[in-house]
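Novice: In the order they appear, the protein sequences are chains B and E. Just so we're aligned: 183 in our numbering is position 198 of the first sequence, and the numbers increase by one with no gaps anywhere. Just so we're aligned: 121 in our numbering is position 49 of the second sequence, and the numbers increase by one with no gaps anywhere.
Accuracy of the hints is not assured; some may be wrong.
Unchecked claim - Okay, the calculated beta carbon distance ranges per label pair:
#, chain 1, residue 1, chain 2, residue 2, range
1, B, Arg124, E, Ile94, 34 to 44 Å
2, E, Asp183, B, Ser89, 22 to 32 Å
3, B, Glu44, E, Phe148, 54 to 64 Å
4, E, Val178, B, Val162, 16 to 26 Å
5, E, Leu147, B, Leu112, 49 to 59 Å
6, B, His163, E, Leu143, 36 to 46 Å
7, E, Asp174, B, Ser89, 27 to 37 Å
8, B, Arg154, E, Ile94, 48 to 58 Å
9, B, Tyr208, E, Phe148, 28 to 38 Å
In case anyone wonders, no lab produced these hints; they're calculated from the structure. Beta carbons: idealized from backbone N, C-alpha and C, even for Gly.
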Amino acid sequence: MTPEQLADALSRTCVVVPAFNEGRSIAAVVRSVHEHLPGATVAVVDDGSSDDTADRAREAGALVLSLSQNLGIGGAVQTGYKFALRRGHSYALQIDGDGQHDPSEAHHLIERLMDGDADLVIGSRWLGRGNYVAPRNRRFGMKLLEALVSWRAGSRFTDTTSGFRALNRRAIELFAVHYPSDYPEVESIVLAHHAGLNVTEVPVKMNAREHGTSSITGLSTVYFMVRVTIGLLIGVMGGENS
Amino acid sequence: MKGYVLAAVISVVLLFVTIRAIRKKQLTEMLAILWLGVSLAAVFLSALLPSSAFLSLSHLFGVAYPPTMVLVFGLFFLTLFTFYLSVAMSRLSTRQKQLVQDLALVQAMLDAQSAP
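Bound-form chain B, shown alone (with noise of 0.2 Å):
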């Protein structure tokens, strides 16, 4: 891919970034956005902060979708999804507020994009780039999930909860309508594939997180994995869409 067909899609790009209560990292992460994808529009998706996330974000140059209600992180990226629809982007780029998804890595992701037949591509911390480490307890859901998708999507998938990702239109329009409400990321995988959307993963790099902590921990990581288990197994909860 040449420099210019990479700077023309990176134009119809909307980068999408879910922050709630990330005032202390948003802002480097906005500034490295538009370091490392010059032209793509940033819309930051504020979650309802308590802290300044939004008025640091719009220091940064970024474009502030401010929800009035916390609605976790599945609403919170479908708003983005939804303001890419509007806007008519091709591209839809999502990275997390906390820091932990590195910019300069996106175009990898992009770039796979371009290439025509993924719909969906996912940034996977364990296809051989980066050191990256989870944490020892965290080790046997990541491998029962990664089991899960990958018998559910008839692919083989290494990092389900990966909420670095880039989509093109088709994935955009079906996000903008359908996508689950808390955790996510592993759904939308089958979700995908189930609308006959090409899904793939790319390695990336990704750093521990600057701020913060999980939000997956004691007694959430129970519910996590049976909401999990049971939207794979089911089907996709989450009531009505429109």
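Add chain E to chain B, keeping to what the hints say.
Specialist: Relative to the frame of chain B, chain E by itself:
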């Protein structure tokens, strides 16, 4: 005998509370009609409770102790109704999510327009 009186009092109070809630517009039409039906049925049933008709109805269902019938039907109704409430609540939360999202999108559109 005391049990019958208690049942009658409870059902009449339920009917009274329902009518009051309807007057104060605390219930939507469908739920108002539902609770009016339930409380009228309760009054009717409690009037029927001491009669031999209720006893033979119980025997028809193979229930030896008539008040058990009330419990069984009551539980059945409550289970159905809580399920209906769960469905209604899920629908409301989905709609609320869409409203919050749409509000954010409209707000962003307005911000873009008012920016220099």
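Novice: Of the numbered hints stated earlier in the document, which are not met by this structure?
Specialist: Hint 1 contradicted; others consistent.
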